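Quick note, the sequences are listed as chains A and B, same order. Per our numbering, the very first residue in the first sequence carries number 1; after that it's consecutive. Per our numbering, the very first residue in the second sequence carries number 1; after that it's consecutive.
By construction, these hints were calculated from the structure, which means they are not laboratory data. On a predicted model such as this, the values are computed, not experimentally measured, just so you know. Just so you know, nobody snuck in bad clues.
Computed list of lysine to any residue pairs in SDA-like fashion (alpha-carbon distance at most 20 Å, straight line): (1) B:Lys313 with A:Asn144; (2) B:Lys313 with A:Thr49; (3) A:Lys116 with B:Asp8; (4) B:Lys11 with A:Ser102; (5) A:Lys140 with B:Asp8; (6) B:Lys404 with A:Asn76; (7) B:Lys313 with A:Ser102; (8) B:Lys313 with A:Phe101; (9) B:Lys313 with A:Leu80; (10) B:Lys11 with A:Glu100; (11) B:Lys263 with B:Phe101; (12) A:Lys140 with B:Lys11; (13) B:Lys96 with B:Asn233; (14) B:Lys313 with A:Glu100; (15) B:Lys313 with A:Phe94; (16) A:Lys75 with B:Ile408; (17) B:Lys11 with A:Phe119; (18) B:Lys404 with A:Leu80; (19) A:Lys75 with B:Ser407; (20) A:Lys75 with B:Asp327; (21) A:Lys141 with B:Thr12; (22) B:Lys313 with A:Gly148; (23) A:Lys116 with B:Pro4; (24) B:Lys313 with A:Asp58; (25) A:Lys116 with A:His87; (26) A:Lys75 with B:Ile411; (27) A:Lys75 with B:Asp409; (28) A:Lys75 with A:Thr59; (29) B:Lys278 with B:Asn377; (30) B:Lys278 with B:Leu365; (31) B:Lys313 with A:Pro99; (32) A:Lys62 with B:Ile411; (33) B:Lys11 with A:Asn144.
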Amino acid sequence: MKNAILKVSNVNKWFHDPQEFHVLQNINMEAYRGEFLSLVGKSGCGKSTLMYLLSTLDTDYKGEITINDVLVTGKNQNFLSRFRNAHIGFVFQFHYLLPEFSSLENVMIPARRLGKYPFEELEERAYEKLKWLGMADQAKKPANKLSGGQQQRVAIARALINDPDIIMGDEPTGNLDSVNSGIVFDIFKQLTREFNQTIIAVTHDDEFASNTDRVIELQDGHIIGEHINA
Amino acid sequence: MKLPISLDIAKTHMLSRKRQTFVAMMGVTFGIGMFIALVGLMNGLNDLTEELSMSALPDIRIFNDVSTSDQNIIEVMNPDGWNIVHSQKPKNESTKLRNGFQILHFIQQDPRVAGASPLLTSQVFFNYGPVKLNASIMGVDILQEDKLFDLASKMREGNIRDLLTTNDGIILGRNLAKKLNAKPGDRVQISTPEGFTTRLKVVGIVQFGMGAVDDVRSYANLSTVQRIMGRDNRYMTEINVKMKELEAAPAVAREYEKLFGYKAEDWETANATVLVGKIIRNIMSYAVTFTLLLVAGFGIYNILNMTIMNKIKDIAILKATGFNARDIRHIFMTQSLIIGLLGSVLGLMLGYALSLLISRAPLDLGDALATTHFPVNFDITFYVIGIVFGVITTSLAGFLPSRKAGSIDPIEIIRGQ
Ligand SMILES: Nc1ncnc2c1ncn2[C@@H]1O[C@H](COP(=O)(O)OP(=O)(O)OP(=O)(O)O)[C@@H](O)[C@H]1O
Ligand SMILES: [Mg+2]
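So here's chain B without its partners, still in its complex pose (with noise of 0.2 Å):
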């Protein structure tokens, strides 16, 4: 099959001048190079961030919110009077869940749910020496806790059962215990903020692999944490629940809350900094693609223009012959389209092949995120939106220059010879 005329004509301007057509060719590849390098980069750590986050927070986090009331009392009793009060500090209100074990149990049953578990968390100081290291504690029932975050998985050192066959254990976060020196064994001395102080025996170390969760984050018995705060055997602070489909949460959290009265939180709205980080990720490597982008469509215009300009004669003497002006911007409109489809898919090619030599990059975080490589995210929307972004550039570069060829009056130049 041969080419349409007009397909035939483009291609023989563009053979004509193969320096110019592949260095536009290259500025596309470029700018779409980078834009599957860089998005594929920004995409794997906001996965990666997600995830880890995701792996030791739950979905859904039910707890007794203390709050300062909206209404004072005296605006109450004197609404039409000037009622001036500073600093108002909410009451004595203990942090309890009431009926906490009857929410569990009603929580456990719900078929969205996949785990619920109960919990109690304390603030306290790890006695090492003379330093007081900050962290908390979580009083948790340890195989419902890691049915909700797979902790068996995440133990470094130790048995998750462990705790529950020593009277008083702790699993500490693995920087935690980095930092105390402890290995499992071995006694950490832990005061509470109400100035109780006692010993716990270490039984494990644990690992999220996000510093933030390592660095204070401990675990022990229920009853252990319940004994520490001086608290009877039914008082629990909170109740972490993970979802079936991570989609239901918000709802779910807000159903939760009408019913039980206490706070429920989901984790998209606990964690909104994660995602406006991502967010800017995103902008971030739109905006440079967005740049790069421009410089090659500027690069299109200007070869473009500058064959009109060079063809201007053949231009006449065809639509002298009986080529409209459509088919003359159809001429141009196929260059730009051809170096911009060209130039985009070996734009994907480039941008795989950085990708690649990226995510084999070594990467060492310490212990604030725990990944040995880049990550990288091979999605391949990102190579759909390259290429899409590829082809509405060049086509919007070639715009004016085809449209400025159409409008060429061969008589002009015909004459003027």
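Next comes chain A alone, as it looks inside the complex (with noise of 0.2 Å):
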């Protein structure tokens, strides 16, 4: 039996500025405990602005949003902002790191607001995740003197740090060549199987999105699709 850990319901978005746009139109969707789910679409078709939408970041849209059999439509910013530091780990398209921070200390920032663990503990873990995408020997260095690719890691690292329901990444190995697109891709396997863990990833990627559980279409803000993989 599937258990729904996302559910959206007749979502519309509109921009309003420089004139009126609707460009989510009608969303139903919904997502599974323990799925490795990908998000396609051609570019501008609105990938990034629902995973605004389903990351709390963004509130202004009409319809329903439910995650983990919380209704978060409507919650204030100061509930919004705890529950996502609790339930859900997030990969910008554009890996926004703390520049002055080592890539430890990123990782680290979403750990110490929730507070789960001792500070010692979470430096091991932290240094965990690190060793999984291949920057442990990175892990001392500030962020602003890494690469694309190795601010993308660290971002994704971060994600992971509070072991959260979700994982949303948006073109999470966009920047990674094909050895650390592996690598990554892996490693939300292995989180979906082993920890039961949700993964979102919006992608370019065709071999990528092929390789996960299921694919769903975004096309001029109508999800025209779906695809389950074998």
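Hints given; two lone chains; assemble the complex.
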């Protein structure tokens, strides 16, 4: 029996500036626990916009979004930031790190906010994640001295640090070579299989998409189809 | 122990703009430093004038206050009519304290009183060649007077006991003696407004340290002044009282006034001008400090706004990964408080150093005030006030920018990339 962790019903979003633009139209979708889901579509079709809604960052929409049986639509900002901290990991299309902090410190920031583990243990865990992503040797380097791909991997490690129920990635492997892209893919796969975490990843990479559990395709703000991989 | 994350971020923000942080901090330091130096000097001056005037004046003065009665006889007789009375004059009342010695004795028995001394003051002219110097001669019981004002320690030349053994002796205020070019052993000629003239022998010179007193004061035996004024040996016009506790003076003065029916004036009331001067000096030091801190506050406001502009992406990412408005506000409030606290502590040190320097600077006010150095008050209270001021100013300055940072909507920034 599939257990939905994310439910989107009748979501519509408009941009008002510079002109009225119905960017997401009647979006209905679900994501299940332990599922590796990918979201594809042409540039400008609304993938990032949808991801911002799913991640609770953008609250300006019509319709309802439920995550982990909590209706997040209409909740206040304080609630949402706490909710994100504990339940959602996010890798942005343009990887945002705090430039003065080292890779390790960047990874630890959401965990220190959550405060579930003592500092030493957090350090240990953050280091572990960086090692998975082949970034152990860069752990002490300040983020503004890393290459684009390295920054992306730190951002992925940061998304994983609080063991969130859902990890959302907006082209999480967009800046990576095929080897590292493969590593990230394997980590995601492992998280869904071993820890029952859910991955939703936007991708332009057909091979990446075809290896995930299910593909949802977006076009001009509509979901035009989904495809379950064998 | 590791710093909490918001403190860690605050620290990183500050270290990444060391120079601006330092400048903002120096603003606070300068403000607080000036406050300490100013308020120390002003209060030093206050203390000195207060102490000197206290040492020359009694806590309570009891005298017969000659005044025009409020009610005119014609108004009593004709209450409903039009009564016009110009320039009402007092009747020829004597300023004598009746039963002066009984009152004196009574007061001396009062356990709250440290000492009481009889006094008969007369305006006199000191004839110095063709020049007449206006001064007052105070007829006293010199031993009682010494108990009240510690005259013995204020004698520059001669000894108070010499007054007792000399028949027509006089002790001159230092500045008066200087003007008269008089030394102990010399004779000075005086005349009263009533026209009585006599010669008195200088037995000593006394200095209170305040020009206003040393210019015009002189002491003689009560009997000498009684003789000059042509009065009997029960005649006195004033009783001076020193209290054990100065604070009790106003209440005791009111009590005596009721009891004896004479005016009893306490020090504070009589020296309202000293208090006014003190208040004005305080207002001045606080006004200057306020201005300096205002400038410092703007400095902090500025640097925080700048940091927030520069770190807006950081703020967005922190909020996206779970920091709420309060966490973000903390980050920036922490920065302004650290700047404020460090700046204030440095300011206290600067203020202390300035105070030390000022207190070592020589000061010669001539005969107006006897002091060799600038008087400075090092009271710890001002240092506490200083640091409280500094912290309050900086938290006010940090408040608006912090609130702005807290209310940043992360999606706008993240999408805007
Ligand atoms: N802030 C905005 N105001 C108005 N229109 C916007 C705004 N942000 C995005 N859009 C528009 O909304 C549409 C969807 O944008 P979105 O960023 O979601 O595309 P995307 O599918 O993520 O594309 P890509 O693959 O290039 O990242 C685009 O046509 C874009 O021009
Ligand atoms: Mg996009």
